[in-house]
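Undergrad: For the protein sequence lines, the chains are A and B, in the order given.
Using our numbering, you'd call the opening residue of the first sequence number 267 and step up by one each time.
Using our numbering, you'd call the opening residue of the second sequence number 22 and step up by one each time.
Honestly, the hints are just simulated from the structure, not real lab data.
Be careful, since some hints might not be right.
Claimed, not checked - Ranges of calculated distance between the beta carbons of each label pair, as one might list FRET restraints:
#1 A:I291 x B:K24: 53 to 59 Å
#2 A:Y327 x B:R308: 35 to 41 Å
#3 B:F269 x A:A297: 23 to 29 Å
#4 B:G229 x A:A353: 29 to 35 Å
#5 A:R359 x B:D426: 30 to 36 Å
#6 B:P108 x A:V284: 30 to 36 Å
#7 A:S341 x B:P108: 39 to 45 Å
#8 A:Q331 x B:A153: 37 to 43 Å
Glycine included, each C-beta is placed from N, C-alpha and C at the ideal position.
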Amino acid sequence: MFRISCPFCGERDENEFVCGGQAHIARPEPAEQVSERDWAEYLFFRDNPKGLHFERWQHRYGCRQWFNIVRHTVSHEILAVYRLDEAPPDVDREEAV
Amino acid sequence: MEKYSFPKILYHALRGHKHWQPAWRSPLPKKSYDVVVIGGGGHGLATAYYLAKKHGVTNVAVLERGWIGGGNSGRNTQVTRSNYFYPESAAFFEHSLKLYESMSRDLNINVMFSQRGVLNLAHSDHDMEMLARWTNAIQLNGIDSEILTPQQIKEMEPLIDINARFPVAGGFIQRRGGISRHDAVNWGYARAADALGVDIIQNCTVTGFNISHGTVTGVQTSLGDISGEKVHITVAGHTSVLAKMAGFRLPLTSMALQAMVSEPIKPVLNLVTVSGAIHMYVSQSDRGEIVLGAGADVYNSYAQRGSYDNVESCVAAFLTLYPRFSRLKLMRQWAGIVDISPDTSPIMGRTPVQNLYINCGWGTGGYKAIPASGDTMADTIVNDRPHALIKPFSLERFESGALVDESAAAGVAH
Ligand SMILES: Cc1cc2nc3c(=O)[nH]c(=O)nc-3n(C[C@H](O)[C@H](O)[C@H](O)COP(=O)(O)OP(=O)(O)OC[C@H]3O[C@@H](n4cnc5c(N)ncnc54)[C@H](O)[C@@H]3O)c2cc1C
Ligand SMILES: [Zn+2]
Chain A
267 MFRISCPFCG ERDENEFVCG GQAHIARPEP AEQVSERDWA EYLFFRDNPK
317 GLHFERWQHR YGCRQWFNIV RHTVSHEILA VYRLDEAPPD VDREEAV
Chain B
22 MEKYSFPKIL YHALRGHKHW QPAWRSPLPK KSYDVVVIGG GGHGLATAYY
72 LAKKHGVTNV AVLERGWIGG GNSGRNTQVT RSNYFYPESA AFFEHSLKLY
122 ESMSRDLNIN VMFSQRGVLN LAHSDHDMEM LARWTNAIQL NGIDSEILTP
172 QQIKEMEPLI DINARFPVAG GFIQRRGGIS RHDAVNWGYA RAADALGVDI
222 IQNCTVTGFN ISHGTVTGVQ TSLGDISGEK VHITVAGHTS VLAKMAGFRL
272 PLTSMALQAM VSEPIKPVLN LVTVSGAIHM YVSQSDRGEI VLGAGADVYN
322 SYAQRGSYDN VESCVAAFLT LYPRFSRLKL MRQWAGIVDI SPDTSPIMGR
372 TPVQNLYINC GWGTGGYKAI PASGDTMADT IVNDRPHALI KPFSLERFES
422 GALVDESAAA GVAH
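Turn these sequences into a full structure, and let the hints steer you where they fit.
TA: Put into structure tokens, the structure is as follows:
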């Protein structure tokens, strides 16, 4: 159990939010030239790191806004919360085994 | 291997149980093996066993970072069934269920497989229609499944309150489904594999791969480099971490899935009972504990601990159906890191790296798959092509779009 600081409402319990998975996945373009391989990467393949994860969350049972966070997937420590239109923060991305 | 039998127990009892042989050796790793299996869970151990037993490949190592069965194979709720929706899944899981039926004899260890029946509940007319559709699909797959009325359910499992807040509208049962003892399954495969010459090496973490010209040649470990003609990854929640070391990504998300047990009580529950709608499933172990399975925390986690609100909602759902247990104390609660794939079906077979194989994506339901997975992966590794039963579960399906979307049918039932 952890708490997330919604950029719009402030700190709330984890279960007010839902996770939308990995952030910053760009849709490949133009559609008619994208290979099956690249569609698969876009739709299904993920980093799933043991370490820092850049991910989307929605404050579903609050303001219903989407935003991004950087969270450690072992300690659940949240290093940054930022809006969807902001660039990912510069953090040390070292991973565990 | 010291055979287990009644006379043996008697013999050792008279000698104060001081002279039992260890069930497997603890060798130091050799410089090289024909096959290196990474991960000493049920799937890795069963694969090693079938490599030796069916294919005569005995120069095999199983490398386990902790202790065997310390991962999900020793953390699950032990439910085994083959009532899947799609023919591809049904064929595979039925093969596995059959292997469970003969496992105690095959491995000479009592895995306590108890085919007490797995009951799925419906709580509305719509639920009931979905279960009828599911039952029809199961029967078309040639597998036993029977619709039950609320009255029949009450007779089979008297402690269920069929007039609960979400009344029981009916259900269906696979009578051949049930539970077994997970430790015995892990230890049974380890002991049988060891007897055939497989080296089981615990406290050995794989930290990297040696790959030359796109072909794997061995692994780097906390005990030094070990070369392998072929290398197999069976590390459940950690598969993405290992894949990254080998230079590729997978369609997996690792999440924490929880379970818990009560203090032991006398036998009161007959069946494994599952309710998708209120999200709970329960059985009673042979030790008397009431075993409850909770949901997963739906975000990436390698923490091997779950959130408390999941414990609470699991217990609350359980008590609406079994109010009589409200004074029962929980004894233990834990989590395992499960590897969820987009269609909740496993991913088995070859990888972009030559001679490197994966077996993952079992998510919340791979305990029941242990024997069939070992059998088919051993065959796949030896012949370097997918066994017929696992062809639909290859990594390529995410490109071709031929997903085996069991999420609706698998649901909470594991
Ligand atoms: C709470 C819970 C309930 C479940 N209930 C059921 C159920 O009722 N029925 C069912 O069918 N399934 C169930 N499952 C799912 C089932 O437990 C798993 O799918 C199955 O056990 C996976 O087995 P495995 O051998 O692939 O992985 P594991 O048993 O997890 O083994 C993987 C091993 O790899 C090791 N490892 C990881 N990284 C490394 C490394 N770098 N080097 C060396 N070793 C490494 C780990 O230490 C671990 O021992 C449940 C799971 C959980 C967590
Ligand atoms: Zn908010």
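Undergrad: Work down the list of hints and note, for each, if the structure agrees.
TA: Hints and how they fare:
no. : hint                        : verdict
1   : A:I291 x B:K24: 53 to 59 Å  : holds (55 Å)
2   : A:Y327 x B:R308: 35 to 41 Å : holds (39 Å)
3   : B:F269 x A:A297: 23 to 29 Å : holds (25 Å)
4   : B:G229 x A:A353: 29 to 35 Å : holds (32 Å)
5   : A:R359 x B:D426: 30 to 36 Å : holds (33 Å)
6   : B:P108 x A:V284: 30 to 36 Å : holds (34 Å)
7   : A:S341 x B:P108: 39 to 45 Å : holds (43 Å)
8   : A:Q331 x B:A153: 37 to 43 Å : holds (41 Å)
Consistency note: the structure conflicts with none of the earlier hints.
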